[in-house]
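Novice: Sequence:
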Amino acid sequence: MSSRLPASLSAGWHAALELGYARRHGGTIPVRRRHVGPLRVQKHFIDAAGTCQHIIVHPPGGIAGGDTLCIDITLEEGADVLITSPGAAKWYDGFGRSASQSVSLVLADGARLEWLPLETILYAGADVRLESRIRLAGDARLLYGDVICLGRPACGERFDRGQWRQLAEIERDGRLIWCEHAVLPGASPLLASPVGLAGHSVVATLLWAGPAVPDELHQAALEVVTSGRAAATQLPGVWLARFIGDSAEDAHHWLRQLRSLLHPFTHGRPAQSPRIWAT
Numbered sequence: 001m002s003s004r005l006p007a008s009l010s011a012g013w014h015a016a017l018e019l020g021y022a023r024r025h026g027g028t029i030p031v032r033r034r035h036v037g038p039l040r041v042q043k044h045f046i047d048a049a050g051t052c053q054h055i056i057v058h059p060p061g062g063i064a065g066g067d068t069l070c071i072d073i074t075l076e077e078g079a080d081v082l083i084t085s086p087g088a089a090k091w092y093d094g095f096g097r098s099a100s101q102s103v104s105l106v107l108a109d110g111a112r113l114e115w116l117p118l119e120t121i122l123y124a125g126a127d128v129r130l131e132s133r134i135r136l137a138g139d140a141r142l143l144y145g146d147v148i149c150l151g152r153p154a155c156g157e158r159f160d161r162g163q164w165r166q167l168a169e170i171e172r173d174g175r176l177i178w179c180e181h182a183v184l185p186g187a188s189p190l191l192a193s194p195v196g197l198a199g200h201s202v203v204a205t206l207l208w209a210g211p212a213v214p215d216e217l218h219q220a221a222l223e224v225v226t227s228g229r230a231a232a233t234q235l236p237g238v239w240l241a242r243f244i245g246d247s248a249e250d251a252h253h254w255l256r257q258l259r260s261l262l263h264p265f266t267h268g269r270p271a272q273s274p275r276i277w278a279t
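Sequential numbering of the sequence shown, starting at 1, is according to this note's numbering.
Simulated from the structure, these hints should not be mistaken for laboratory data. Since the structure is predicted, the reported quantities are computational estimates derived from the model, not experimental observations.
Taking CB as the label site, the calculated pair distances span:
hint: 1; residue 1: A88; residue 2: S227; range: 15 to 25 angstroms
hint: 2; residue 1: H25; residue 2: C155; range: 44 to 54 angstroms
hint: 3; residue 1: L190; residue 2: R152; range: 15 to 25 angstroms
Computed cross-link-like contacts, DMTMM-like style, restricted to lysine to aspartate or glutamate with a CA-CA straight-line distance of at most 25 angstroms:
hint: 4; residue 1: K90; residue 2: D246
hint: 5; residue 1: K90; residue 2: E169
hint: 6; residue 1: K43; residue 2: E77
hint: 7; residue 1: K90; residue 2: D250
hint: 8; residue 1: K43; residue 2: E18
hint: 9; residue 1: K90; residue 2: D160
hint: 10; residue 1: K90; residue 2: E180
hint: 11; residue 1: K90; residue 2: E131
hint: 12; residue 1: K90; residue 2: E249
hint: 13; residue 1: K90; residue 2: E119
hint: 14; residue 1: K90; residue 2: E157
hint: 15; residue 1: K43; residue 2: E119
hint: 16; residue 1: K90; residue 2: E18
hint: 17; residue 1: K43; residue 2: E76
The C-beta atom is built at its ideal place from N, Cα and C for all residues, glycine as well.
Whenever a hint applies, use it, and build me the whole structure from the sequences.
Specialist: Pasting the structure below:
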């Protein structure tokens, strides 16, 4: 795979991280790590099931206008990885400048990845583009979650300026199985519309790319109690659940309940939470 690390730095902070994983001696270990700029990964932890847990860290703590983040992750055949983050990603007012994050996930046949970062907070005035491009081969399986917070209602700040742009694409064996492209300007009528966020400020997603979720498990997922609104649907090759509400904590509670419910089916064992989630 050709490197996507930037050859030079220009205006704004540019950060890139490349990670690779392989299965060795009954467990998964990191076999490649490269970085440019302020993106790092903490020392890995291999849990009792042989899953490699890794925490991606962005030491500055926030992303400003002009910044770009680029993350490339590759799993070799049979690798089993969970990736999360230690805290919220804060995207600040760009004062007319955009910022972006590009994530590439490439999974070989038989690989399994859980991509479960903590919340992304978009401050008023942030102009943000978030891209995720995912390539799955053979029987590779993906559990992908995210939580997006628009504005900071607890501080009286609404997302009334800026723009949130999001692109997500998933291919399996070269065939597109999922594509979503969203553009939501600050103060958009969709923020208040019943066909949009209905006045809520937090949206969360849990997506499973793998075998179809059994009907009884799907029904159980629909019954997960939340303080917001949630729904789920099975599509060809992808099972998708969504939450809208007013609290990142509530969104994470919903997402982790769903993960625990699905895990015996998706991974063949009970869910084990990363230790960082307990701190």
